[in-house]
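Number of protein chains: 2
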Amino acid sequence: MAVGPYKGHSGGRHKAAVGVAPAKKYFSFDPTYINLNHGSYGSVPSPVAEAIKPMVDLVESNPDKFHRFEGMTMVVESRERLSEFIGIGKERVDEVVFVPNASHGINTVLRNFIWEEGDILLDCNTTYGSVGSTIKYITDVPPHPKVSQFIMLFPTTRAKILGDWRIHVRSLQQTRVQSSSSPGGLPKIVAIIDSIISAPAAQLPWVEMIQILREECGNGAGKDSGVKSNVWTVIDAAHSIGHEVDLPAKIALGDPDFLITNCYKWMYTKRGCAVLYVPKRNQHIIKTTLPTSGAYIPLDKRTEEGEGFVDMFSWTGAIDFIPYLSVIPALQFRSWLGGEKKINDYCRKIAKEGARKMAEIFGLGEGEWGIGEEELELNMVNIPFPFPPSASFTPLVNKQIDTLFRKKMLLERNMFVVDWYHNGKWWVRCSGQVFLEIEDFEVARAVVDVCKEITEELALDKLEGKGA
Amino acid sequence: MAVGPYKGHSGGRHKAAVGVAPAKKYFSFDPTYINLNHGSYGSVPSPVAEAIKPMVDLVESNPDKFHRFEGMTMVVESRERLSEFIGIGKERVDEVVFVPNASHGINTVLRNFIWEEGDILLDCNTTYGSVGSTIKYITDVPPHPKVSQFIMLFPTTRAKILGDWRIHVRSLQQTRVQSSSSPGGLPKIVAIIDSIISAPAAQLPWVEMIQILREECGNGAGKDSGVKSNVWTVIDAAHSIGHEVDLPAKIALGDPDFLITNCYKWMYTKRGCAVLYVPKRNQHIIKTTLPTSGAYIPLDKRTEEGEGFVDMFSWTGAIDFIPYLSVIPALQFRSWLGGEKKINDYCRKIAKEGARKMAEIFGLGEGEWGIGEEELELNMVNIPFPFPPSASFTPLVNKQIDTLFRKKMLLERNMFVVDWYHNGKWWVRCSGQVFLEIEDFEVARAVVDVCKEITEELALDKLEGKGA
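Quick mapping for you: the protein sequence lines, in order, are chains P and H. If you read the first sequence in the numbering used here, its first letter stands for residue 15, the second for the next number, and so on. If you read the second sequence in the numbering used here, its first letter stands for residue 15, the second for the next number, and so on.
Treat the hints as calculated values from the structure; they're not laboratory data. Since this is a predicted model, take the numbers as computed values, not measurements. Using N, Cα and C, we set each Cβ at its ideal position, and we do this for glycine too. Among these hints, one or two may not hold up.
Chain H regions said to be covered by chain P (calculated; three or more residues, Cβ under 8 Å) [to be verified]:
1. 41 to 55
2. 65 to 78
3. 109 to 118
4. 151 to 165
5. 281 to 292
6. 296 to 306
7. 447 to 459
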């Protein structure tokens, strides 16, 4: 069942785009809640929520017909729209499958490699929590591949990131060549690279990072470099779809081996819904799904490597398929709202203005906020906390600060920005979104109060130099 | 946020149970659809669907507050209710965690074992498709543990199953002892045993099977036998909760090492929602979740084995938590409907009567239907297809029969029973449910017609003896 033309939240058909600012009326927030954190969990627009209700009814009207026929067709339609949306085109729909979220997609990829002693997982100090945990788990169990961690400290610049990256991967390649005793070739390198880091919210030059990695560790760039050089790139694009508007161009240019992106964040679907993009040439790596599907073909029965890739992902156990089917309503709503450029121009604009406003309220001067060059930020912006300069940040104290901040902001004040610690400072991350107006960034005043309260409650001034 | 007293589908509070027969009005089926297959996907009762709507609104009213605070508390409440419901009591709530479905839970267990060469996965010829695929995948990749398959052919008896099982596991133990060269002890045996087989729908004597396995392969029964003897039992109880009414007694008696049961089938929650039960003594086996959680504690940082078990399962990536939160409304609805005994007495009664009616319509005499002893069946019943006795069943033909049967029943006739092949025959499996009346089993007449059509279209009579 295809979803018909988008009819708007009121049920009537709108003939023209409405623009995007401010579109709070299309979301279902508690009217007293100020949401400066779209980045973590996303928010389902009410028109999307309305559009999926008939699908829920359809499922329950005949669960067998839905799960054996109708629903499966609808999932294919959603995948087709997504393959167009990420620029690879409908004809390559079989390179795009659904997983519930980026963590699930990254686990699917990383746990499908046949790890051998000496293999290397290349991550960053800014790798997302659960992804870092996944890497740690893989190294914790036999045959214990190793981790090589690339360090980025913000504020910084694209040039510095790329320069440091080249040095890091060149050194890694030297180690790999020297340590290799395998007659079968070099140990594998699997690089996990963020497109947009979660904290600090920084857009990485990931296309160039792939290219440099292939130059230094591969035998030349190009489509087959992964196979020939045993170097593989996994792009954690959790925040990209619906946010990084040049994602299609970047996928074409960077040609990543695997890419995972969450639709429920910036693209406005229901949670959990994510895309796992695996070009045909790498589908043989993904031997099974998480969990393994009834459609799994034993490896010795496959007539070609990668056989059955899409079939396996089509059914991995009973789930609610509605999040996957919310893709088309979400894209229709986005189109009706003005389209990707208009939406993201507004999100970027309000985020930038909001960051400036917050910095002013925090009493920060020009150059005292942000993570470096402007182009490192997209719709999420980063501003340091207004803690006293002498505030103490030991791990124990940091944990206390985090707990207190969340409670004071969310439960006591009904407003939220994400808090995080990086490079000796606490920061807030604000998400620019179509439901925000500049006044919403007055939340900064509450942050100032909360910082004062935390400083007092934890006696941060007096802790100076005591912790470890 | 606790869910208040169950208010019924109309919003009013009912003072007395309504009984269960026929309760079709509490489900949202297409009125022209006849659903004899509750077993595959379950069906969400409309009062449960209504009860979860305010929860959906709650999530979107403040996604951060829900995912960081309210929702997490509600999940704990659901787990508490489930730990009471399966009879281990609220005080052992930390032995009960959520996974989306049984396949996910079984994968979580089987993929967490550190497999070594010579280890053995013990399954059955009747093991569910995706579970069999999971076992195959594990043996397909290094270090390639082996499979030992126990064969059951229905119709049969409990006595024969248990006798054959003892012979099988005794022989397996002899092989294990003889082949072991490891100074560290015997290779592990991980037995995957169904509580209720999916096809044929048979209730296995799983408590006795655990006991026999421990007698033959362990060093005596009891809580620690798994650890001492390196024998582990994984109970695929996909169909049990809300169906096998003596599940609490059986868990207490059999003391399985791991048990997984789907709440979205017989217990009436939203898909997907399943319980993974892991007694404290075995939580060290479950080193990580699928996918790995941000709460994963590196193995060398754990102060005790199994540390962080519940925390890991509390957040494995963004999902829709509503299926997990539908547990309390589902249990309230079941209680209001008359309670577990009343519901299951009706389901069993209608299934038995329905099977008899179907057999009559199929022209089968006494003793020509069912899978053996009556106590092998619960709410799902099994009746052989009315194919001509000479019908040919090669693998290719079987695939064609399956495809045609599903299309003809669901798409052409808007009614369904599950079809499956076992021991040289095709069978239908009907699910007794509170929404069914005896007249619904007139579906058998359509099955007769469909069989005639398939026999004709595939020229089954003429294929006799030709296939392979």
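How the hints compare with the structure:
Against chain P, the segment 41 to 55 of chain H contributes 9 residues with a C-beta closer than 8 Å to a partner C-beta. That satisfies the three-residue criterion, and the hint holds. For the segment 65 to 78 of chain H, the stated coverage by chain P holds: 7 residues have a C-beta nearer than 8 Å to a C-beta of that chain, and at least 3 were required. Here's how the segment 109 to 118 of chain H fares: 5 of its residues keep a CB closer than 8 Å to some CB of chain P, so the rule of at least three is met and the hint holds. Given a C-beta distance limit of less than 8 Å, the hint that chain P covers the segment 151 to 165 of chain H holds, as 4 residues qualify and 3 suffice.
Using a Cβ-Cβ cut-off of 8 Å, 3 residues of the segment 281 to 292 of chain H lie near chain P, which meets the minimum of three, so the contact claim holds. Evaluation of the coverage hint for the segment 296 to 306 of chain H: fulfilled, as 5 residues show C-beta separations to chain P shorter than 8 Å, against a requirement of three. Proximity of the segment 447 to 459 of chain H to chain P, defined as three or more residues with a beta carbon under 8 Å from a beta carbon of that chain, is not established by the 0 residues found.
Hint 7 from the list above is the single one not met by this structure.
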